[in-house]
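Enquirer: Using the sequences plus the hints, can you model the full thing?
Note that this note's numbering has the sequence shown beginning at 60, numbered continuously upward.
Do not take every clue at face value.
[Unchecked claim] So the derived label-pair ranges between C-beta atoms look like this:
id	residue 1	residue 2	range
1	Leu103	Glu76	17 to 27 Å
2	Tyr120	Ala74	33 to 43 Å
3	Asn121	Pro72	32 to 42 Å
None of these hints come from the bench; they were simulated from the model. Think of the CB as a built atom: it goes at the ideal place given N, C-alpha and C, for glycine as much as any other residue.
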Amino acid sequence: MSTIRVDQQSPDPAAIEQAAAVLRAGGLVAFPTETVYGLGANALDSEAVARIFAAKGRPSYNPLIVHVHDAAVA
Numbered sequence: 060m061s062t063i064r065v066d067q068q069s070p071d072p073a074a075i076e077q078a079a080a081v082l083r084a085g086g087l088v089a090f091p092t093e094t095v096y097g098l099g100a101n102a103l104d105s106e107a108v109a110r111i112f113a114a115k116g117r118p119s120y121n122p123l124i125v126h127v128h129d130a131a132v133a
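Expert: Structure (structure tokens):
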């Protein structure tokens with residue numbers, strides 16, 4: 060596990076690319092939301108989604124939320 064820090068005020072494109080590469084490889088990323096930290100993965104990669112369930116100890120019958128960048132993707 061490694062830490063990739065992204066400054067919200069001045070995001071470094073190289074750091075964002077590193078995080079995107081982790082997602083493309085099936086890895087997980089943690090990110091802040093308004094109230095808590097989220098755990099993210101590529102929602103189209105079933106093994107990555109399974110990693111979220113395992114990491115959180117979440118039962119498979121309890122669905123995850125999928126965030127998308129616009130309504131057309133949903």
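Enquirer: Looking at the structure, which of the earlier hints fail to hold?
Expert: none
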